[in-house]
Amino acid sequence: QVQLVQSGAEVRKPGASVTVSCEASGFTLNIYNIHWVRQAPGQGLEWMGWIDTMTDATHYQQKFQGRVTMTADRSISRASLEVTGLTSDDTAVYYCARVEVTAIPLILGMDLWGQGTPVSVSS
Amino acid sequence: QSVLTQPPSISAAPGQKVTVACSGSSTNIGNSYVSWYQQVPGTAPKLLIYDDDKRPPGIPDRFSGSKSGTSATLGITGLQTGDEADYYCGTWDTSLNGAVFGGGTQLTVL
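From first to last, the protein sequence lines stand for chains A and B.
FYI, the numbering for the first sequence is 1 to 123, going by the working numbering.
FYI, the numbering for the second sequence is 1001 to 1110, going by the working numbering.
Because the hints were derived from the structure by calculation, they are not lab data.
Some hints here could point you the wrong way.
A short list of chain A residues far from chain B (calculated; beta carbon distances all over 12 angstroms) [unchecked claim]:
#1 E10
#2 T28
#3 Q39
#4 R67
#5 S80
#6 T91
#7 T102
#8 P105
#9 V121
Label pairs and their calculated CB-CB ranges [stated by the list, open to error]:
#10 A:G8 / B:S1066: 17 to 27 angstroms
#11 A:G85 / B:P1041: 24 to 34 angstroms
#12 A:T71 / B:S1009: 36 to 46 angstroms
#13 A:V101 / B:G1030: 21 to 31 angstroms
#14 B:S1068 / A:E100: 21 to 31 angstroms
#15 B:S1068 / A:P14: 30 to 40 angstroms
#16 B:P1056 / A:N30: 15 to 25 angstroms
#17 A:T102 / B:G1075: 20 to 30 angstroms
#18 B:S1011 / A:G66: 20 to 30 angstroms
To spell it out: a stretch of chain A is covered by chain B in this simulated footprint if at least three of its residues, at any positions, have a beta carbon under 8 angstroms from a beta carbon of chain B; those stretches are [unchecked claim]:
#19 44 to 54
#20 110 to 118
Predicted model, so just to flag it, every value in this text is computed and none were measured.
C-beta: ideal position from N, C-alpha, C; glycine also.
Okay, chain B solo, but in the shape it has when bound (with noise of 0.2 angstroms):
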C-alpha cells in the first residue's frame, strides 16, 4: 500500500494528451515538493519533473507538472508510443520523514 495514491493504468492514442493524478495529504504533497519519474520496463527511473513542475535539462515540454493543495498532476501532450511507461510521483513525508513513492500509472499509447 503506497503512501500516494495514483491510477494504475490509463491509455490514449497518439497525439493526444492525458494526466496522471497523484493524491497524498498534509504530511507529504501538502507540506512538500513533488517530483515525477518515469520508467521504462527494464530500466531505471528517470526524473521528469522536480519542485512540483520544472523540467530538468532535456525534458520537452510537452512534460508538465502541477500541484494544488494535496494533490498533484503530472500532463503530458502530443503523446508518442515511446512515452510508454511507467510514471511515478514522489515526495518527502514530514511525518514519516522520509521519501515517499505513488505505487505507478502505467501508460499506454495505443
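This is chain A alone, in the form it adopts within the complex (with noise of 0.2 angstroms):
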C-alpha cells in the first residue's frame, strides 16, 4: 500500500527539541521530495520547507531558518524533521508530504500526505 507514515504524537517543554519521521511505504523516494507542513490548531495549513531525498538539499521558509532541519535516509526510505527551540506557538500537527520531481516546482502539487504528528508544547 502506498502511503507516508509518520510517528507518533509528541509532548514538549518550551525550549526542548522533537524529531517527526515519515516512512515512505509501497514506493520509492528517489524521485519525490518531502515537503513538511505544520497546522496550528485551528488554523491552516503552513508550509515549513522541503528536502530533495536524492542530494539531501534542502531549503527552509525563512520562518523557520536556523530552527528547522530537515534530512532523509534512502536506506530506509524515511525522512524526519527537528524543530529546536519549541515554543507554545510551535503547537500544531505535522505532516510529511510528496512532491514528484520536475523542472516546475509543485505542477503535480502534494499527492500524498502522512497522517500527521500531533506535536504540543507546554509547560
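Join the two chains, each given in its own frame, into one complex according to the hints.
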C-alpha cells in the first residue's frame, strides 16, 4: 500500500526539541521530494520547507531558518524533521507530503500526505 | 495572514454547485501552477486538483479547477454531504521561493 507513515504524538516543554519521522511505504523516495507542512489548532496550512531525497539539498521557509532541520535516509525510505527551541507557537500537527520531482515546482501538487503528527508544547 | 486569499466559508444545499475562489499575485498564481486540497476535519489534506485543472486518479469529475491571471477557482457540482470539508489552494511563490497556501474555505452542505 502506497503511504507515508509518520511517528506518533509528542509532548515537549518550551525550549526543547522534537523530531518527527515520515516513512515511505509502497514506493521509493528517489523520485520525490518531501515537504513538511504544519497546521496549528484551528488554523490553516503552513509550509515549512522541503528536502530533495536524492541530493539531500534542503530549502526552509525563512521563518524557520536556524530552527529546523530536514533529513532523509533513502536506505530506510525515511524522512525526518527536527524542530529546536520549541515555543507554544509550535503546537501544531506536522505533516510530511511527497512531491514528484519535476523542473517546475509543485506542478504536480503534494499528492500523498502522512497522517500527521501532533506536537504539543506546554510547560 | 496567508499569501493566497480565500473566502472563510461557503454553504450550499445538496445537489447544488459551488465555487471557491483563490486570489494571489504575479509571483505566485500568476506565475505558477495551482493545486487544491480537501481536508476533512481531523484528517490529512488530500490532493483534489493539480496543474491548475487536472484531477488525480480517483477524484470524481464533480471537482474541477480553473485559473485566470492571478486567481484560481475550484468548482464542485452535485454537492454531497460527504463534501463537507475545508478546501485549500496552494502554489509556488517565485518571490518567496517556497510553497504558499490560502487560508482555507470551510464548505457546509446544508
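Hint check:
| no. | hint | verdict |
| --- | --- | --- |
| 1 | E10 | holds (17 angstroms) |
| 2 | T28 | holds (19 angstroms) |
| 3 | Q39 | violated (8 angstroms) |
| 4 | R67 | holds (16 angstroms) |
| 5 | S80 | holds (18 angstroms) |
| 6 | T91 | holds (16 angstroms) |
| 7 | T102 | violated (10 angstroms) |
| 8 | P105 | violated (4 angstroms) |
| 9 | V121 | holds (20 angstroms) |
| 10 | A:G8 / B:S1066: 17 to 27 angstroms | violated (40 angstroms) |
| 11 | A:G85 / B:P1041: 24 to 34 angstroms | holds (30 angstroms) |
| 12 | A:T71 / B:S1009: 36 to 46 angstroms | holds (39 angstroms) |
| 13 | A:V101 / B:G1030: 21 to 31 angstroms | holds (24 angstroms) |
| 14 | B:S1068 / A:E100: 21 to 31 angstroms | holds (26 angstroms) |
| 15 | B:S1068 / A:P14: 30 to 40 angstroms | violated (46 angstroms) |
| 16 | B:P1056 / A:N30: 15 to 25 angstroms | holds (20 angstroms) |
| 17 | A:T102 / B:G1075: 20 to 30 angstroms | holds (25 angstroms) |
| 18 | B:S1011 / A:G66: 20 to 30 angstroms | violated (43 angstroms) |
| 19 | 44 to 54 | holds (count 6) |
| 20 | 110 to 118 | holds (count 7) |
Checked against the numbered hints given earlier, the structure breaks hints 3, 7, 8, 10, 15 and 18 and satisfies all the rest.
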